[in-house]
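Reassemble the complex: the two chains are provided individually, in unrelated frames, and hints are given to aid placement.
Line by line, the protein sequences are chains Y and G.
End of the first sequence = 496 in this note's numbering, gap-free, step of one.
End of the second sequence = 451 in this note's numbering, gap-free, step of one.
If you're looking for bench data, these hints aren't it; they were derived computationally from the structure.
Because the structure is a prediction, the values reported are computed rather than measured.
Among the hints, a few may not be true.
[Stated by the list, open to error] Across the chosen pairs, the derived CB separations fall in these ranges:
(1) GLN322(G) / LEU75(Y): 45 to 51 Å
(2) ALA211(G) / SER390(Y): 56 to 62 Å
(3) ALA376(Y) / GLU425(G): 36 to 42 Å
(4) LEU243(Y) / ASN288(G): 52 to 58 Å
(5) GLN322(G) / PHE303(Y): 27 to 33 Å
(6) MET401(G) / PRO423(Y): 21 to 27 Å
(7) ASP215(G) / LEU429(Y): 55 to 61 Å
(8) TYR379(Y) / ASP215(G): 56 to 62 Å
[Unchecked claim] The calculated BS3-like cross-link candidates involving lysine-lysine, where the alpha carbons are at most 25 Å apart (straight line), are:
(9) LYS432(G) / LYS389(G)
(10) LYS371(Y) / LYS323(G)
(11) LYS438(Y) / LYS432(G)
(12) LYS386(Y) / LYS287(G)
(13) LYS287(G) / LYS394(Y)
Ideal Cβ placement from N, Cα and C applies to all residues, glycine included.
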Amino acid sequence: MEKRFVTIWFPHLKTDWFVIKNPALKSIPFVLASPDHGRMVITAANEIAIIAGANPGTVVADARALIPGLQVLDDQPELAGKLLKALGKWFIRFSPCVGVDPPEGLIIDATGCSHLWGGEAKYLSTIQERLKQLGYTIRIAIANTIGMAWAAAHFAHDRSIIEPGEQKTAMLSLPPAALRLEMDMLERFQKLGLYQLKDIVKMPASVLRRRFGDYFLQRVNQALGKEEEYFEPLVPFKIYQERLPCLEPIVTATGIEIAVQRLLELLCHRLQQEELGLRTAIFCCYRVDGKVEKIEIGTSRPSHNHFHLFKLFENHLGQIEPAMGIELFTLEAQKLEDAAPVQIKLWENTGGLEHSDLSELLDRIAGKIGSNNIKRYLPAEHYWPERSYKPTDSLQEKPATFWQTHKLRPIQLLPTPEKIEVTAPIPDYPPMLFRHKNEVHKIAKADGPERIEQEWWIEDGEHRDYYCVEDEKGQRFWLFRLGHYTGDKSHQWFLHGYFA
Amino acid sequence: MQAAKSDIIARLRQQLHPLQGVKTTLNGIEVATASGPQKIAFPNDLLSYGAVHEFVCNGSAETTATSGFIAALLATLMKNGGVAIWISAKRNLFPTGLVNFGILPENIIFLDLQKTKDMLWALEEALKCSSIAAVIGEIPELSFTSARRLQLAVEQSGTMGFILRNNPRNLTTTGCVTRWKISSLPSNLENGMPGVGFPRWNASLLKTRNGKPANWEVEWAAGKFRTLSSINTAVIKTLKKAG
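Pulled out of the complex, with its shape left as it was, chain G reads as follows (with noise of 0.2 Å):
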């Protein structure tokens, strides 16, 4: 009796995410971050298409681990011959570092625009394109409206927008569907051998619409992401409160 009820919640939770325009797969490709704890975060169990996601980034280390992030989930994302466009005012992006990512450089295309409001012009245009498959703009501050406007454009096309906010001067509640907080962590070699190991970043999931805020450290190795281990904040915090 227990389990039909739950099985039926499931399926009901399953028809109510389409209609709040949360996507999750493209074409079949589905994002392949969410595995086991991270499936508790994200509505519907993965990491949604047809969504702009935030990222808040405090200083060059923070915008490098996340442009690092981003380029790991773009690499996913242009696996077959996929065009991604990187909007942005000041850019120190390294093409040939793209590479060690699985990206083609030549895939992706850079529009350098000063003004805020061409960037957001050039953001909702491309956005609105359902022919690229992911969209990064470069965008310090970001309102409410405009934010929610990237979100309306996106949900019509299906693909993904990563806004990446480096030193905002307000945190204030956007429609973007998550808002994410990058760091790096120092990486580690087996055995204790000498040497740089594989990137690994601590990925704090601060917002999430219909699901539960988290906190995982991943490691990017030949391709894929691994979770080291992960502090699910929100589910203690949860368990605290009834405890």
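Same shape as in the complex, but just chain Y (with noise of 0.2 Å):
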């Protein structure tokens, strides 16, 4: 395929940039200086100063003295750098490849973009037109080489699109500095008397490199499209986006579900072809003043279901606040993993943990609610009742150890044991009746005590002994006894839980 570059000159970028914070300045001539060697030298000029003769480089009070009410502002060096970038990335509308071409131009990729704004005339109008809208002055060209695109905005003033096979003839006219050459090469060839490419071009290629070097000629050749000249994009190209932009902007809710299901389906289908699944994904609303409207959703195992994922955006789509329109959706998959196709099993309806019908309920409940709040417990390695089950947020994760079977545990446990007051007969015997909460338990059966220490690696404290008892009611308790009997009246009892 033919590749289509735009190349974007802002002529006046940073003085723009002063009319649109400060629209007085518009019919006044200003100019940004900033100070150079003990004195303030123009470093850019509005258009009217620049006729009056303020041209950049020149002494401020010299300029004083032509344009007697001539504005001066500071200048901020690294603006130019700053407006570029936010530039390019308000132009990922036009396109997904946008890179700055420093001190004043933008690169686009528009290969293959035009066509959805009606040919390629249509396209660098709207650009400038909305370009114009935001207050910037532009020079806009399309070829199929940078070089060639950069030759024309800036040279070519009376032609915007360069047609495919046409650089060489329209190269001819330009002058050598269209070719983006250094300034003693260039002051080189006007002192030969080189003012036109057609002079150079026409030359051996053996002489030019004699005379020029290899540099002039690598230029010629990439205006020429005989090397390839890259660019580095502002927005990294991602391999699993896609794009949809719209005729109109999009205002209404049904418009927006529908752009989410469309693009859902576009990029599902790309992953079920290449067995990979989303595990995170973020649906981008560019709005036509400017900002980006943005949804995160997440997986908990990777899917390529799009009727799944669209529920898991449907949840958030409230939130996006279309305000005069969309005219571009993205949709990206983050995070992506390995998904083999699993074989559907017909016959079996309840399905264990690895059910896709578990986890797409399980994201659909943390879309809504918050992951935070859906446990599933392990077992651990430890004897004493808190730390023998441990939290994992994983559906995945299988147990590492065995659950502990030998001795009975209740099915209630309190979070914190609370203080009892027993009665118990001799030291290590179970108590006979014991009060929780103004009750009082008279304890009919009982079983224990059961010892368990307490993980002197872990934590300091004494060991517990445990008993089961149970009340003439029927009511079943665990209670503990904290450390060695001691005879003295220090609560050392416990309740930590309730057997069914």
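Pasting the structure below:
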């Protein structure tokens, strides 16, 4: 496929920005200046000032003499870079691949993009219109190579579309500066009287190399497309991203829903063919006013089921504020994992933890209520009751050890053991009765003691002697005495749980 | 003649239950609760699948007994690696303690939700999912409408729902198929041996659709329910009326 590049040149990038910030500056001559060797030198000037003679590089004092009402503002050294970056990100709506071309340009890989706007002429005019609305004057050109597009944007003012195969003819009438050469080389051409590229290009390559070096030839070849030229995209290119530009800005909830569905179908189809499933995805809505609305979802296991994924997005679609309208939707799979196709079991309805229905249900619950409310427990290698289990947030994790079954454990465990008052006949015997929350329980049957030692390598403390007791009504409790029997009146007994 | 008539009636009755949204088997597993006198109380002889069962309890002792009873039921439901979802606001359930009932605690997923609205939503979503063996919700208050919604959801999927209502403020009619009250009974060991025996409960079936309320004393031993004695109050009452 033939590549098409757009370059945009902002001749008055910084001054345009100052005008946007302060519209009063629009009709008066003003310059931006920064100190250089003890004097103020103009770094940028608006169109009125340039016509009056205040070119960049002039000393401010001289310019003031030329133009009496000249407004001088302080230049911000990193402004141009920041502006270009922001503009480049804004340009994502026109093409996914946008790069910065310092000091005052952007490069856009428009391959396969322009037909969405109804042709290259409309594509360029839309860009021009939108930037004009923002307040920037630009020069724009589209060509098969970055070099040619750059040359046309800067020097061929009459034409902005260089058709494929026309590079050579289009180049001939341009000056050598159109090849993005260094200053001293340009001066050399000037000195030799070579004002147009047609005078130079017809010379044999060996002569050119000897006279002007490899760099010049490389630039010529890049402009003609004989040599590949690359640029660094501002936003790294996403492989698993789907885009949906809209002809008219979308403002309705139904419109957004349809956009999500379409993007999901496209993405899931691709993922399914490559046997991949997404774990996290992000849905971005690029609004007309330049803001971006985002929704993120996550799944507990890789999925390419677009019905399920849509349900996850559906819960959050209400958060999207379309404002004046959304002109571009993108859906990106951020985290991918292998998802081999599973054989469906027709005869088994109740599946285990591996069943996709379960993970999809949990995704929906996590999407609405938060995944920190979903808990699953695995056995831990501890006898201490509070540490005998550990939470896990994964559905796949298998227990590393066995659950303890040799001793009976209560079905309800109090988060912290509660103090009780007991009457015990003799040390090491289960109590006869105990009082908990002002209720006296007379113990009819008891089992125990079962001693559980504190794990000294984790925590200091005394051991517990557990008793399983049953009162007259049949309620069963798990009591323990902390430490050895001491004989004094200090509280040593605790209620820790209930048996069913 | 009489026998043939009752046979026809029994067959018709069996055909009637599936039409009313009551299922009794799921993949050939039968809940082993019903045996002997229990059969009388349940429609089509067994505790039904595809239904929401309500458990009412007052105080922590009854809650414990009820969760034990539910855990015993879950043991049968989760036999072949089935998964259960337990939804509650404040939970003291001890995962390690469930092992004694023959449940693998790692197959239970706990959802800790604070708002009743969220709980009902999660319950309904979970009940719609047919690959889950059972869903347990600890919700004190349940309106007729929300119970009906849950019942409709569960009839589609054919799983089982248990609603555990701790200290409910008002006990109005709900759309649940049964309403139970479980309380613990003193255990008993053979020959007066010392120590605590197997858990025993008094399970009273307060309400049941297409069946008769009843009362049983059951013991959970060796992974099975055992009925101790039965006082079928409803039957006695009807007998008294007739007499």
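Quick rundown of the hints versus the structure:
1. GLN322(G) / LEU75(Y): 45 to 51 Å: holds (50 Å)
2. ALA211(G) / SER390(Y): 56 to 62 Å: Taking Cβ atoms as reference, ALA211(G) and SER390(Y) lie about 59 Å apart, which means the hint holds.
3. ALA376(Y) / GLU425(G): 36 to 42 Å: holds (37 Å)
4. LEU243(Y) / ASN288(G): 52 to 58 Å: holds (54 Å)
5. GLN322(G) / PHE303(Y): 27 to 33 Å: For PHE303(Y) against GLN322(G), whose Cβ atoms are near 30 Å apart, the range 27 to 33 Å holds.
6. MET401(G) / PRO423(Y): 21 to 27 Å: The hinted range 21 to 27 Å holds for MET401(G) and PRO423(Y), with Cβ atoms some 24 Å apart.
7. ASP215(G) / LEU429(Y): 55 to 61 Å: holds (58 Å)
8. TYR379(Y) / ASP215(G): 56 to 62 Å: Given about 59 Å between the Cβ atoms, the range holds.
9. LYS432(G) / LYS389(G): holds (19 Å)
10. LYS371(Y) / LYS323(G): holds (17 Å)
11. LYS438(Y) / LYS432(G): At roughly 29 Å apart (the allowed maximum being 25 Å), LYS432(G) and LYS438(Y) break the hint.
12. LYS386(Y) / LYS287(G): holds (23 Å)
13. LYS287(G) / LYS394(Y): holds (18 Å)
Against the hints set out earlier in the document, a violation occurs for number 11 only.
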